[in-house]
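Use these hints to put chain S onto chain W, whose structure you have.
Protein chains in written order, with numbering that gives the first Met the number 0: chain W, 0 to 179; chain S, 0 to 179.
Don't read these hints as lab results, they were simulated from the structure. Careful, some of the hints might be misleading.
When chains are identical, the list treats them as one kind, so a pair holds in a single copy or across two.
[To be verified] DSS-like cross-link-like pairs, simulated, lysine-lysine; straight-line CA separation at most 30 Å:
| # | residue 1 | residue 2 |
| --- | --- | --- |
| 1 | Lys-19 | Lys-92 |
| 2 | Lys-153 | Lys-92 |
| 3 | Lys-120 | Lys-158 |
| 4 | Lys-158 | Lys-125 |
| 5 | Lys-158 | Lys-24 |
| 6 | Lys-120 | Lys-92 |
| 7 | Lys-120 | Lys-19 |
None of the values given here were measured: they were computed from a predicted structure.
2 protein chains.
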Amino acid sequence: MTFDELIVTRRSVRQYKEEKVEKEKIEALVNAAIWAPTAGNLQLWHFVVVQDEEILKNIKLFSPGMPKTTHCIIAICVDLADAEARGGAFIRKSAPVDIAFAAQNMLLKAHELGLGTCVVKSYNEKSVGQILKLPSEVVALMLVTVGYYENSPKVPVRKNILEVIHYETWESEEKANEQR
Amino acid sequence: MTFDELIVTRRSVRQYKEEKVEKEKIEALVNAAIWAPTAGNLQLWHFVVVQDEEILKNIKLFSPGMPKTTHCIIAICVDLADAEARGGAFIRKSAPVDIAFAAQNMLLKAHELGLGTCVVKSYNEKSVGQILKLPSEVVALMLVTVGYYENSPKVPVRKNILEVIHYETWESEEKANEQR
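Same shape as in the complex, but just chain W (with noise of 0.2 Å):
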């Protein structure tokens, strides 16, 4: 699969089968997102992995956005205390986004192995913090369910990039859209 191939075909899953997922894969997960980049190349991240179905039963009380059927989830946390110790009250503000940069390596490695996976942004973090045990600076900024899946989901609409594109300033795309 092209990387074009794999971008374009990723999917957000929100159904899965009751398949486990493999430990190597996991780890191939882990793996693809730490080589994405960071601040400062600080790598505050940690990632815990749950596929205990007591658990997992736990958090989905505190995320009503959380698949039903997830029987695998990778959250992604930061230790805010070591982050602006390292790096300064900005690091904190930044430490989401490099999450983001290392959950998208994670999403695309997922759908290379045949993995469905979906961002999961909203859930109570004080509550999933407590059920995973993080330690009380730590923080789970997101959560990422994995799986395998029966059915791909429809493709959702994507905007055109002359839509979305602008050269220069933002004006001057308008007007060239004028001209058009």
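Only chain S this time, still in chain W's reference frame:
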């Protein structure tokens, strides 16, 4: 190049040649970006491509971390008013994360095309917005420098995944480490 090779050999490039990046390649980068997932498929992004040396000079004045030899910037922007109108306050928070997913696709696509990139997050948002003539509610959330380069930078050291992977809960891994 396989996906693994792509992610492992991508570097943050801070020294660019003067050679102009072709419009087709710029469009290929934006095309890669828009296949990233977005919360609610809102696709709030806009991409302002700057290659005008006068505008670049002005942006560099307000971006201390920008490589001096930068001849092309893609500013990834979001209309925050539109974001909030369509997705509520939550989207305002999640937009920077969606932008990062898109940026990571762009960094990898650039690398595949032989282009170097560097993410710049430290700049004066208001001044850059004025230079790019962004409407008042549109914010440039990330600048990505793009260009041809002579030498590939050294590989920054990556943590071993055993340092950052935890199973089931944070603690379980600490216990596993102790037992090793």
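To see whether the hints hold, each was checked on the structure:
When the C-alpha separation of Lys-19 and Lys-92 is checked against a cutoff of 30 Å, the pair qualifies neither within a copy, at 35 Å, nor between copies, at 33 Å. For a Cα distance limit of 30 Å, the shortest separation of Lys-153 from Lys-92 across copies, 27 Å, qualifies, whereas the shortest one inside one copy, 34 Å, does not. In this assembly of identical chains, the alpha carbons of Lys-120 and Lys-158 lie at most 30 Å apart whether taken from the same copy (23 Å) or from different copies (25 Å). Taking identical chains as interchangeable, the C-alpha atoms of Lys-158 and Lys-125 lie at most 30 Å apart only when they sit on different chains, with a minimum of 27 Å there against 36 Å within one chain.
For a Cα distance limit of 30 Å, the shortest separation of Lys-158 from Lys-24 across copies, 19 Å, qualifies, whereas the shortest one inside one copy, 33 Å, does not. In this homomeric assembly, Lys-120 and Lys-92 come within 30 Å of each other (Cα to Cα) both inside a single copy, at 16 Å, and across copies, at 10 Å. When the C-alpha separation of Lys-120 and Lys-19 is checked against a cutoff of 30 Å, the pair qualifies only within one copy, where the shortest distance is 23 Å, while the shortest distance between copies is 39 Å.
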